[in-house]
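J.: Letter by letter, the chains look like this.
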Amino acid sequence: MAREPSTAVSPPRAAPARGAETAGGPARPPRRLGRRARGWLYVLPALAVYLGFAIWPALNTLRLSLLTWDGILPPVWAGLSNYVKIFQDEALYEAILHSLALIVFFSVIPIGVGLLMTALLMGKVRRGMTFFRIVFFLPQVLPLVAVGITWRWLYSENGAVNQLLDAIGLASVTRAWLGDYGLALIALGLIGTWVMSGLCMMLFLAGAQKIDPSLYEAARLDGAGALRQFRHVTVPGVRREITVAGVITTIAALASFDLVFVTTNGGPAGQTNVPGLLVYRLAFNEGDIGGASALAVVLTVIVIAVVSAVRYFTRDEER
Amino acid sequence: MPRMTRPARRAAAVALSVTTAFALTSCAGASSSGGGTAPKIEVSTTIPQDPVTLTLAYSNDPPTKTLIDGFTKKHPNVTIKPQMTPFNDYIKSIKLSMSSDSAPDIAQYNPGAMNSLVPAGLILDLSPWSQAYGWSGKFPPASLEVLSSDKSAKQFGTGSLYAVPGGLSVLGVFYNKKIVTEVPKTLADFETAMAKAKEAGRTPLSMGALQVGGFQLWNALLNVTGDVDAYRSWVYGKPGGTIVNPAARQAAQTITDWAKKGYIPSGASATSDPDALAGFAKGDTAFVITGNWAAQTLETEMKDDVGFFLMPTPSADKPAQVASGASVAYAISAKSKHPNVAAAFLDYLSSPEAAKIEFDGGFMPVDTKAELGATGLRGDIAKVFAPVAQGNGIVPFPDYASPGMIDKLTPGIQGLINSKMTPDAFLTSLQESWEAHHGS
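Listed in order, the protein sequences are those of chains A and B. Be aware that the first sequence starts at 1, since it is given in the UniProt record's numbering, and climbs by one per residue. Be aware that the second sequence starts at 1, since it is given in the UniProt record's numbering, and climbs by one per residue.
Keep in mind the hints are simulated off the structure, nothing from the lab. Since the structure is predicted, the reported quantities are computational estimates derived from the model, not experimental observations. Mixed in with the good hints, there may be bad ones.
Once the Cα atoms are required to be at most 30 Å apart in a straight line, the calculated DSS-like pairs of lysine-lysine come out as [as the list claims (entries may be wrong)]: (1) B:LYS383 with B:LYS138; (2) B:LYS260 with B:LYS177; (3) B:LYS151 with B:LYS238; (4) B:LYS260 with B:LYS185; (5) A:LYS85 with B:LYS238; (6) B:LYS74 with B:LYS335; (7) B:LYS151 with A:LYS85; (8) B:LYS356 with B:LYS177; (9) A:LYS85 with B:LYS92; (10) B:LYS337 with B:LYS138; (11) A:LYS85 with B:LYS356; (12) A:LYS85 with B:LYS154; (13) B:LYS260 with B:LYS420; (14) B:LYS303 with B:LYS65.
Work out the full structure: start from the sequences and follow the hints.
T.: Quick look at the structure:
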């Protein structure tokens with residue numbers, strides 16, 4: 001099995017210094033204290049932003065989820081009743097199922113496509129590599145709202161997708177894809193695939209470039225073909241990138257909102273409802289800030305649970 | 001493994017950011033605390049001659065800016081500073097700006113987004129000015145009803161007046177004169193005309209069921225077949241109001257039937273209202289159901305080939321007397337220092353001069369008797385609108401009935417189109433949302 005060159009050389013930074021510090025006890029030299037304080041000073045701007053715009057709002061959301069509040073009148077303590085109400089609503093379970101299905105399209109397929117593209121481009125294409133990268137990464141650069149509206153047109157009854165199907169003699173299957181009761185979720189998911197594949201490919205290509213070429217050479221000498229080289233050299237070499245891609249894309253699937261909001265808005269008849277959409281509706285349509293916050297907290301817990309699972313299953317077993 | 005922490009942190013950061021939006025609303029809300037009773041104001045219909053500056057927050061233009069210009073021309077000592085915000089941002093931010101210390105004096109009123117300002121005491125009860133100016137005779141009564149509510153802002157058509165309209169709208173049917181040669185006189189005629197269009201290879205009906213176009217059809221059908229009083233008490237949130245009735249069920253069934261017959265396009269559920277309108281404007285579609293606000297676009301695109309009628313009734317001897325409509329309305333902030341001047345502006349909205357401005361801005365005028373001299377498409381609209389408005393037949397849209405209603409209406413209609421929801425299930429889901437808000 002090929003080892004990752006990067007892990008082999010990564011030094012155990014800073015660990016001894018910290019150990020010495022804690023062992024120092026009360027007789028700590030004052031100079032070190034000054035250094036520590038200076039260290040915190042450097043961290044402070046970033047920390048302040050993080051505390052102010054991520055941690056504090058999150059705690060506030062938690063607080064709001066325990067209140068009944070319409071956004072204007074003084075809030076009233078509600079205990080866990082917002083949570084009870086949310087868990088009694090079937091719509092939530094449907095929405096969670098839909099977002100889990102979206103993981104397949106936002107995460108599993110794009111990682112597969114990304115790996116395939118990496119295998120095809122790795123070490124072979126030198127000319128025009130930048131061009132390919134830009135083309136495949138483009139969906140990431142576009143705002144999702146613009147992507148959503150464009151795809152809504154592509155998928156429409158007379159849109160490009162149906163024109164293409166017509167042209168190749170598949171006129172019988174043409175339909176307004178996003179308006180189809182059974183297929184809307186899949187059609188929506190494929191937009192996610194289109195958006196996420198480029199990102200995965202970029203991550204994997206970057207990761208694959210740091211694989212020591214001698215590993216490929218060794219594999220070749222051992223008689224490994226292209227497929228085995230890919231399986232035993234490339235894939236282990238980009239394991240970390242796969243984890244990162246898995247985490248980012250899974251979050252995109254579970255917390256998806258903008259794309260769904262502009263393409264189907266949960267339709268037809270709730271077939272593409274996702275939790276993010278329900279949060280929005282509770283907060284901005286119904287003015288139920290407490291309920292929306294409770295749902296947002298539940299969504300956060302789900303995201304953390306699924307992401308932890310992703311990280312557990314893609315962990316480096318050799319360590 | 002230093003690198004391992006990165007994805008985890010990133011996960012946390014992204015997950016947390018999901019929740020940020022709600023927390024941000026809290027910080028602004030905390031400062032307001034609402035509540036406070038307004039100081040006693042001396043109501044007057046004359047305004048001072050000293051220079052006065054007001055601010056007016058709004059999202060609809062036209063007609064707002066031209067109305068301001070019209071008013072300030074009459075009262076040169078008054079300056080009104082317009083603060084325009086696009087609609088989607090407006091409905092999210094207006095609550096906060098009205099509860100802030102620098103609240104605008106006058107704000108375009110959106111019942112859905114702003115009704116929590118009423119119980120908070122942040123917008124003025126206009127009843128004293130209404131009596132002083134005699135507004136009940138100057139504005140169509142139905143248009144004031146929807147802007148009146150009890151103190152909790154849950155029940156409409158009762159209690160105090162909180163805003164007055166500066167332009168009305170009406171829901172009806174636009175038709176392509178090249179495809180439909182004769183205006184349908186009855187509901188049956190309308191269906192026949194759609195069948196003919198379909199046979200001729202045209203699209204019978206353009207519909208944006210992704211947004212509001214779907215339930216507007218149901219609404220239009222219900223208006224001409226149902227009992228207007230029952231509908232009003234339901235939309236106004238009167239105790240015991242219900243939408244579970246035979247006419248509403250029949251209107252829902254009609255949607256499923258029309259979808260099965262191919263009158264409603266199969267892609268309607270994934271079509272937005274602007275796209276549906278654009279589809280109609282291209283000239284290959286017989287009908288589109290929407291409001292007079294689309295008139296200007298359609299007139300530019302289709303010239304003389306487009307006409308307008310109200311959804312026909314089942315019987316030819318009884319023309320439509322009820323149609324849905326909304327208004328662009330204005331309310332006065334409880335924090336305004338010059339409420340009498342602001343009220344004078346509201347009174348101006350009912351004047352004949354304002355009527356012209358409102359009509360030119362694409363709205364139906366508040367003064368329904370004003371001579372407009374309109375021709376063409378907008379002449380069509382004015383002709384059918386006047387008798388309905390004068391007969392007090394303008395009713396609110398169904399999403400007015402409760403804050404979450406639109407999220408039952410839109411998916412419900414999509415379910416009806418796809419035959420995945422029965423009319424009974426549809427009505428039950430609407431009533432559930434109603435009960436949740438109005439309770440018993």
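J.: Give a verdict on every hint.
T.: Taking the hints in turn, this is what the structure says about them:
1. Distance restraint check for B:LYS383 and B:LYS138: the Cα-Cα separation of roughly 20 Å lies within the 30 Å cut-off, and the hinted pair is therefore satisfied.
2. Proximity of B:LYS260 to B:LYS177 is assessed by CA-CA distance (about 25 Å); at most 30 Å being required, the pair is judged to hold.
3. Of the supplied pair hints, the one linking B:LYS151 and B:LYS238 holds, its CA atoms being roughly 14 Å apart against a limit of 30 Å.
4. This hinted pair checks out: B:LYS260 and B:LYS185 have alpha carbons roughly 23 Å apart, not beyond 30 Å.
5. Distance hint between A:LYS85 and B:LYS238 is fulfilled; the C-alpha atoms sit about 25 Å from each other, no more than 30 Å.
6. Restraint check: the Cα-Cα separation between B:LYS74 and B:LYS335 comes to about 25 Å, which is no more than 30 Å; the hinted pair holds.
7. In summary, the hint linking B:LYS151 to A:LYS85 is supported, as the alpha carbons are separated by about 27 Å, within the 30 Å threshold.
8. Straight-line distance between C-alpha atoms of B:LYS356 and B:LYS177 comes to about 27 Å, which keeps the hinted pair within the 30 Å bound.
9. Taken as a hint, the A:LYS85 and B:LYS92 pair is honoured in the structure, with Cα atoms around 25 Å apart against an allowance of 30 Å.
10. As the CA atoms of B:LYS337 and B:LYS138 are separated by approximately 26 Å, the hinted pair is consistent with the 30 Å bound.
11. Between the alpha carbons of A:LYS85 and B:LYS356 the distance comes to roughly 50 Å, so the proposed pair goes past 30 Å and is violated.
12. Between A:LYS85 and B:LYS154 the alpha-carbon distance is near 21 Å, which keeps this suggested pair within the 30 Å criterion.
13. The hinted pair formed by B:LYS260 and B:LYS420 meets the criterion: a straight-line CA distance of about 12 Å does not exceed 30 Å.
14. Our distance criterion of 30 Å between C-alpha atoms is met by B:LYS303 and B:LYS65, whose separation comes to about 27 Å.
Hint 11 from the list above is the single one not met by this structure.
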